[in-house]
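Protein chains in written order, with numbering that gives the first Met the number 0: chain A, 0 to 136; chain B, 0 to 136; chain C, 0 to 136; chain D, 0 to 136.
Mixed in with the good hints there might be a few duds.
You can't tell identical chains apart in this list, so a pair holds if it fits in one copy or across any two.
[Claimed, not checked] Here are the simulated lysine to any residue pairs, SDA-like style, with alpha carbons at most 20 Å apart:
no.: 1; residue 1: LYS103; residue 2: ASP116
no.: 2; residue 1: LYS103; residue 2: GLU119
no.: 3; residue 1: LYS97; residue 2: GLU113
no.: 4; residue 1: LYS103; residue 2: ALA77
no.: 5; residue 1: LYS97; residue 2: SER6
no.: 6; residue 1: LYS103; residue 2: VAL121
no.: 7; residue 1: LYS97; residue 2: THR36
no.: 8; residue 1: LYS97; residue 2: PRO39
no.: 9; residue 1: LYS103; residue 2: ALA133
no.: 10; residue 1: LYS103; residue 2: ALA87
no.: 11; residue 1: LYS103; residue 2: ARG90
no.: 12; residue 1: LYS103; residue 2: VAL115
no.: 13; residue 1: LYS103; residue 2: HIS91
no.: 14; residue 1: LYS103; residue 2: PRO88
no.: 15; residue 1: LYS97; residue 2: LEU10
no.: 16; residue 1: LYS103; residue 2: ILE131
no.: 17; residue 1: LYS103; residue 2: ASN118
no.: 18; residue 1: LYS103; residue 2: THR120
no.: 19; residue 1: LYS103; residue 2: ILE132
no.: 20; residue 1: LYS103; residue 2: VAL69
no.: 21; residue 1: LYS97; residue 2: ASN118
no.: 22; residue 1: LYS103; residue 2: ARG32
no.: 23; residue 1: LYS103; residue 2: ARG130
no.: 24; residue 1: LYS103; residue 2: PRO44
no.: 25; residue 1: LYS103; residue 2: ALA4
no.: 26; residue 1: LYS97; residue 2: ALA8
no.: 27; residue 1: LYS97; residue 2: THR3
Worth flagging that the hints you see were computed from the coordinates, not collected in a lab.
Protein chains: 4
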Amino acid sequence: MDITADSLARLNDNPLYRVIGIHLHEALDGHARATLTPDPQVCWPSPAQPHGGILFTVMDTTMAFAVMSVAEPDRGCATVDCSIQYPAPARHGPFVCKAVAARKAGRTVFVRGEIVDANETVVAYGQATFRIIAAKT
Amino acid sequence: MDITADSLARLNDNPLYRVIGIHLHEALDGHARATLTPDPQVCWPSPAQPHGGILFTVMDTTMAFAVMSVAEPDRGCATVDCSIQYPAPARHGPFVCKAVAARKAGRTVFVRGEIVDANETVVAYGQATFRIIAAKT
Amino acid sequence: MDITADSLARLNDNPLYRVIGIHLHEALDGHARATLTPDPQVCWPSPAQPHGGILFTVMDTTMAFAVMSVAEPDRGCATVDCSIQYPAPARHGPFVCKAVAARKAGRTVFVRGEIVDANETVVAYGQATFRIIAAKT
Amino acid sequence: MDITADSLARLNDNPLYRVIGIHLHEALDGHARATLTPDPQVCWPSPAQPHGGILFTVMDTTMAFAVMSVAEPDRGCATVDCSIQYPAPARHGPFVCKAVAARKAGRTVFVRGEIVDANETVVAYGQATFRIIAAKT
Numbered sequence: 000m001d002i003t004a005d006s007l008a009r010l011n012d013n014p015l016y017r018v019i020g021i022h023l024h025e026a027l028d029g030h031a032r033a034t035l036t037p038d039p040q041v042c043w044p045s046p047a048q049p050h051g052g053i054l055f056t057v058m059d060t061t062m063a064f065a066v067m068s069v070a071e072p073d074r075g076c077a078t079v080d081c082s083i084q085y086p087a088p089a090r091h092g093p094f095v096c097k098a099v100a101a102r103k104a105g106r107t108v109f110v111r112g113e114i115v116d117a118n119e120t121v122v123a124y125g126q127a128t129f130r131i132i133a134a135k136t
Numbered sequence: 000m001d002i003t004a005d006s007l008a009r010l011n012d013n014p015l016y017r018v019i020g021i022h023l024h025e026a027l028d029g030h031a032r033a034t035l036t037p038d039p040q041v042c043w044p045s046p047a048q049p050h051g052g053i054l055f056t057v058m059d060t061t062m063a064f065a066v067m068s069v070a071e072p073d074r075g076c077a078t079v080d081c082s083i084q085y086p087a088p089a090r091h092g093p094f095v096c097k098a099v100a101a102r103k104a105g106r107t108v109f110v111r112g113e114i115v116d117a118n119e120t121v122v123a124y125g126q127a128t129f130r131i132i133a134a135k136t
Numbered sequence: 000m001d002i003t004a005d006s007l008a009r010l011n012d013n014p015l016y017r018v019i020g021i022h023l024h025e026a027l028d029g030h031a032r033a034t035l036t037p038d039p040q041v042c043w044p045s046p047a048q049p050h051g052g053i054l055f056t057v058m059d060t061t062m063a064f065a066v067m068s069v070a071e072p073d074r075g076c077a078t079v080d081c082s083i084q085y086p087a088p089a090r091h092g093p094f095v096c097k098a099v100a101a102r103k104a105g106r107t108v109f110v111r112g113e114i115v116d117a118n119e120t121v122v123a124y125g126q127a128t129f130r131i132i133a134a135k136t
Numbered sequence: 000m001d002i003t004a005d006s007l008a009r010l011n012d013n014p015l016y017r018v019i020g021i022h023l024h025e026a027l028d029g030h031a032r033a034t035l036t037p038d039p040q041v042c043w044p045s046p047a048q049p050h051g052g053i054l055f056t057v058m059d060t061t062m063a064f065a066v067m068s069v070a071e072p073d074r075g076c077a078t079v080d081c082s083i084q085y086p087a088p089a090r091h092g093p094f095v096c097k098a099v100a101a102r103k104a105g106r107t108v109f110v111r112g113e114i115v116d117a118n119e120t121v122v123a124y125g126q127a128t129f130r131i132i133a134a135k136t
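The following block holds chain A by itself, in its conformation from the complex (with noise of 0.2 Å):
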């Protein structure tokens, strides 16, 4: 499915990205990107650290987008698991996030993704396995 981008300004235009502070840049050919500005009230409980749980989001995201860019027009996808690692802590944002759509088996997808802060830094590597479904409608 290709993800132009005036569909990506509309994909970006919802409340949960701009309660969290993401923003998707990029999904083709397998390949997602997407930033986290984290908003303060995300960042609990040390002030400026986004909560685990918002890099998991920010994570699971960027890697349904990389799923979403290797599927067939009008398809959707869910999570069916992932594992996340947090290698050192999250205290310089913004934060970018890449995915990657490693394998398609029928409609299995496996995805690896990484987070890295302003320095370059890893700050949490992701491992997960999607499914290819009907879109939500």
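Chains B, C and D: place on chain A using the hints.
Same frame as chain A, now just chains B, C and D:
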């Protein structure tokens, strides 16, 4: 560490929990329980369904308090890694998350958790490793 | 699929299980149980402790039979992914592995398992996703 | 810790690696590489395909040496947890496993790995957490 009713009230009074809809109910002897009454703004892309990252945030939060309940006073904890599965769509809230600190080996704690919907269907399973660290000040 | 005493005997009679020391005891209604009496040659680098990969092999095997017990006859299954934790050293065998097919969603099955030593200490927790596939012939 | 050609020869000379068909080739500066030429007895239930637990054993082993290569001399390491995915059937050996110790935070090491078949198709992805411990004696 004892987590008293008074400290629970203070713990629940923070912007992250409010914006998502998390409420921690108890954390004692390695067991913790929280509820998610998801705010509409975190239910995206499917209306009334919290995003998978929001379910993860509740899981991670509940697990952290299960860990804190077996840590010495004045300690904090950090998620090392967490694996989450989504066995069913999260359509029928509110949701209840339970987590158990299954094993403490030195400062490493092994934790398991699950989230059920209003019909007792499991919508997420989690398995995580935490480290007990110096308290964040 | 019913796994009868007769088919259990045939299932256990294979070179992999013999070389490792695996014995499958039952697989019924989504629950499976196996034991590991580790052969000395798979106890390395620590004498008398099975390698972590051997514990994983028992976990994956037991999970697979939990899945098979909820699959239609003449089907097989494949591990999509599995997360394993090692909360304690595996010093005191024999070991018992129990696995539960917690949820079947179409042909995807969500499974959890654990391995205990002779003192009932948990030495491994597992969380996996399987797919039911056409039988291998 | 330097893992010299001489110590590699000694490391490879053990019953577990022989019975499975593992050979460690190098471990330096956080990178390790091993091959799996699976013994027929560990190829079950599908002839010529190593069991998923055998692939895991190679992954875990290669990761452990990536960790050892960044540890101080006279240390050992232990797998805390590991997530493995199987994106494609492992039909065409021999297999090559590469692992990278991506981040060392105190005595915790975050590791990633993959196994490819003879056609360079990835048959396993791994993501693990290890702890550096006192050497096993």
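Evaluation of the provided hints:
1. LYS103 - ASP116: Answer is between: at 17 Å across copies they meet the 20 Å cutoff, but 29 Å inside does not.
2. LYS103 - GLU119: Answer is between; shortest inter-copy Cα gap is 16 Å, intra-copy 29 Å.
3. LYS97 - GLU113: both (6 Å within a copy, 18 Å between copies)
4. LYS103 - ALA77: Both. Shortest intra-copy (14 Å) and inter-copy (16 Å) distances satisfy the 20 Å Cα cut-off.
5. LYS97 - SER6: within (19 Å within a copy, 38 Å between copies)
6. LYS103 - VAL121: Answer is between; shortest inter-copy Cα gap is 12 Å, intra-copy 26 Å.
7. LYS97 - THR36: Only inside one copy: LYS97 and THR36 sit 15 Å apart there, 30 Å across copies, limit 20 Å.
8. LYS97 - PRO39: neither (23 Å within a copy, 27 Å between copies)
9. LYS103 - ALA133: Intra 16 Å, inter 19 Å, cutoff 20 Å: intra and inter.
10. LYS103 - ALA87: between (30 Å within a copy, 9 Å between copies)
11. LYS103 - ARG90: For LYS103 and ARG90, the Cα distance is within 20 Å only across copies (17 Å; inside one copy 34 Å).
12. LYS103 - VAL115: Answer is between; shortest inter-copy Cα gap is 16 Å, intra-copy 25 Å.
13. LYS103 - HIS91: Between copies only: 19 Å across, 34 Å inside.
14. LYS103 - PRO88: Intra 32 Å, inter 13 Å, cutoff 20 Å: inter-copy only.
15. LYS97 - LEU10: Intra 17 Å, inter 33 Å, cutoff 20 Å: intra-copy only.
16. LYS103 - ILE131: both (10 Å within a copy, 17 Å between copies)
17. LYS103 - ASN118: Between copies only: 17 Å across chains, 32 Å inside a chain, cut-off 20 Å.
18. LYS103 - THR120: between (29 Å within a copy, 12 Å between copies)
19. LYS103 - ILE132: Both: 13 Å inside a copy, 16 Å across copies.
20. LYS103 - VAL69: within (8 Å within a copy, 26 Å between copies)
21. LYS97 - ASN118: Classified as within; 15 Å inside a copy, 26 Å across copies.
22. LYS103 - ARG32: Classified as within; 19 Å inside a copy, 26 Å across copies.
23. LYS103 - ARG130: both (9 Å within a copy, 15 Å between copies)
24. LYS103 - PRO44: neither (38 Å within a copy, 23 Å between copies)
25. LYS103 - ALA4: neither (24 Å within a copy, 38 Å between copies)
26. LYS97 - ALA8: within (18 Å within a copy, 38 Å between copies)
27. LYS97 - THR3: within (18 Å within a copy, 36 Å between copies)
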